[in-house]
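S.K.: As they're listed, the protein sequences go chains A and B. All letters in the first sequence, in the order written, are residues 569 to 948 by my numbering. All letters in the second sequence, in the order written, are residues 569 to 948 by my numbering.
Treat the hints with care, since some could be wrong.
Each pair may be met inside one copy or between any two copies, as identical chains are not told apart.
As the list claims (entries may be wrong) - Computed list of lysine-lysine pairs in DSBU-like fashion (alpha-carbon distance at most 30 Å, straight line):
| hint | residue 1 | residue 2 |
| --- | --- | --- |
| 1 | Lys616 | Lys838 |
| 2 | Lys738 | Lys616 |
| 3 | Lys876 | Lys613 |
| 4 | Lys787 | Lys876 |
| 5 | Lys811 | Lys616 |
| 6 | Lys787 | Lys722 |
| 7 | Lys811 | Lys613 |
| 8 | Lys727 | Lys613 |
| 9 | Lys616 | Lys923 |
Simulated from the structure, these hints should not be mistaken for laboratory data. All figures in this text were calculated on a predicted structure; none of them were measured in a lab.
2 protein chains.
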Amino acid sequence: MSIKDRVAVIGVGLTKFGEHFQWSADDMLVDACYAAFADAGIQPKDIKAAWVGTSRSGAAGVTLADPLKLYGIPITRVENYCASGMDAFRNACFAVAAGMYDIALACGVEKLKDTAARGLGSFGRHPLIGYGRTPPSVFALAATRYFYQFGIDKRALAKVAVKNHHNGAKHPKAHLRMEIDEERVLSAPMICSPLGLFDCCPTTDGSAAVIVARPEVAKSLGHPYTLVKGLGLAVETGEPFHKPGFDYVGFPATTKAANEAYAMAGITAKDIAFAEVHDCFTITELLDIEDLGFCPKGTAGQFVAEGKANLDGAVAINPSGGLKSFGHPIGATGCRMVSEVHNQLLGRAEGYQVKNPRFGLAHNLGGAGAVGSVAILGAA
Amino acid sequence: MSIKDRVAVIGVGLTKFGEHFQWSADDMLVDACYAAFADAGIQPKDIKAAWVGTSRSGAAGVTLADPLKLYGIPITRVENYCASGMDAFRNACFAVAAGMYDIALACGVEKLKDTAARGLGSFGRHPLIGYGRTPPSVFALAATRYFYQFGIDKRALAKVAVKNHHNGAKHPKAHLRMEIDEERVLSAPMICSPLGLFDCCPTTDGSAAVIVARPEVAKSLGHPYTLVKGLGLAVETGEPFHKPGFDYVGFPATTKAANEAYAMAGITAKDIAFAEVHDCFTITELLDIEDLGFCPKGTAGQFVAEGKANLDGAVAINPSGGLKSFGHPIGATGCRMVSEVHNQLLGRAEGYQVKNPRFGLAHNLGGAGAVGSVAILGAA
């Protein structure tokens, strides 16, 4: 039995992503969730259960219960590194598909601007910095190997940054809303060779919320909605770069999650009109494009260079502007991606709308490829 | 639609609970999960998805993937304070009931002996110590109020300790396997008045695992199994003791979770033969007994004194020995309770077996009453 078409997305909400020193994580959750309630045309009391994804900005279900005064209902905190948000969405979908709740809330939040350094330090042995490696340094290894193996260079990465900032400049909720050109990317300060400043997503505060419901409930509400077609999650080792056989040019967790999601949806990568993918770094987007099956291994640079990832390309990649424009408030990102896919499918992405999409995909990566998560939505 | 009878428990496993300075959290997860695989008669490769509950002993799904080399499948980390383990079980049940996976693993772990103080300190504002209050001091407030309101004293609490240690002395996996008498409880060093040493559960390392499956799969395996009859979870504020109207003598989260679980199971408290309840402190067990509906508010002391909570009583409370005997390795406790209920229902609790039980209940409390979680299992 599959849960295809058994869960509907009926509303989404985002904070403005950015540097919100004036906002707490609580403030951002309220902002995003109430936007989603309004979008779905429901009241907080209609929420029968909730899942909140956060890495460092809360503990337990009270992370959500207290700011929203959403007391007396089940709320689960899900944490799966940078894929926490999409895994919160996935678990909410399971509960709705199981028939437990008519309407459920999935949301995510992270406050990074004033706590990031402390947060990463306390990860201990687990993620990157535990072994003295920061995220840019790990993904730089992948870029270096990819360059060597497939004969491209920094200019291919720059085209990813230019494309995503072009898209993000039109998105009212993006953190960085500015066009950039290749020259600016290539001359930017080096962060970790070969990744320069514009190869890295910014450090950002934000929250995102998604309301899911049984399709019959969605229909009865009379609002537009989309349907969950496929879900996939795969976990590999927490240290993929240490795993024997790891080739540095792709993440098996992404491919496995995508295959699970495609199988559930009964489609292939060819059926996807657009995808929000995890471009924490420009090199990551190239790996994602290949891991998700949109083009053969080693050809994503060319795919982007030829405009196939543009809004009007074969598969629009990150029409929202991606993490490059939104930053990556850890727990929020997965729900933001699902929100983007929902809005595109409903034709509500003014200024960055993909033409008549039927299926959209969201891809959230956790750790340095430790966790891959994929959700596919389709028009109802 | 309810998920009653749509999920089976097919195997359980526990580490010996205790002071395991020689073991890491990884070691304990391997020990508990492989015991559960053996109990279910399955191989690790049969696990199609997993949920791991932990508060401080890991991050993301890799918490489980790495020690078990369980790569390439979906693994979610769930965190809900001291109820993390049972919420991991709950989410695994939803996914199986939704038809996503034939066989799934729910487990929990905590390494407390060498990290507890640091762990609690890093909770920040959220739980108890964030406001300068430790768990004993918070539950001592409840005890003091309960004494005042219902006219009992420390001797009523001592009977809880005596009963639970009596049961736990017979359980091979318990941390403290010793009988104690009331005199010893009453003369023990004071921790936080009126709670003495034997009113508090010990600080313990441990792990527990539960395998769930679709009932048709359970049947085909030919092993004994039990069925999930009811599940409930409720979250209140993270600071219940600060909430206007809080009466200090019961936790609404427990009652709400229990009502949800009873309704799903189509039974009432009267149908429960035994219950594993969250006796982090002796006073907590009295509150639990009332919150779960086993006797009217204010009468739990008498209920215990009259032997109604004994193994051969009206409702055996903590036949395993409870947290008083097992300690409370945070993420592990909820799965341990489900494991105990499963074994009792299958008649496998040698030495502490309840006679012919039909329904058993597990109750896991998180925070100082912030999270209530209840699971009801029944004979297949």
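S.K.: A separate judgement is required for each hint: does it hold in the structure or not?
M.R.: Results of checking the hints against the structure:
Proximity of lysine 616 to lysine 838 under the C-alpha cut-off of 30 Å is restricted to the inter-copy arrangement: shortest distance 27 Å between copies versus 37 Å within a copy. With identical chains, the CA atoms of lysine 738 and lysine 616 are never at most 30 Å apart, being 35 Å at best within one copy and 41 Å at best between copies. Taking the shortest Cα distances, lysine 876 and lysine 613 never come within 30 Å of each other, neither inside one copy (44 Å) nor across copies (39 Å). Proximity of lysine 787 and lysine 876 under a CA criterion of 30 Å is satisfied in neither setting, with 35 Å inside one chain copy and 51 Å between copies.
In the homo-oligomer, the alpha carbons of lysine 811 and lysine 616 lie at most 30 Å apart only across protomers (22 Å), although the nearest pairing inside one protomer, at 42 Å, exceeds that limit. Taking CA atoms no more than 30 Å apart as the test, lysine 787 paired with lysine 722 passes in neither setting, with 48 Å inside one copy and 58 Å between copies. For a Cα distance limit of 30 Å, the shortest separation of lysine 811 from lysine 613 across copies, 19 Å, qualifies, whereas the shortest one inside one copy, 47 Å, does not. For a Cα distance limit of 30 Å, the shortest separation of lysine 727 from lysine 613 qualifies neither inside one copy, at 46 Å, nor across copies, at 42 Å.
In this homomeric assembly, lysine 616 and lysine 923 never come within 30 Å of each other (Cα to Cα): the closest approach is 35 Å inside a single copy and 37 Å across copies.
Hints 2, 3, 4, 6, 8, 9 from the earlier list are contradicted by this structure; the remaining hints agree with it.
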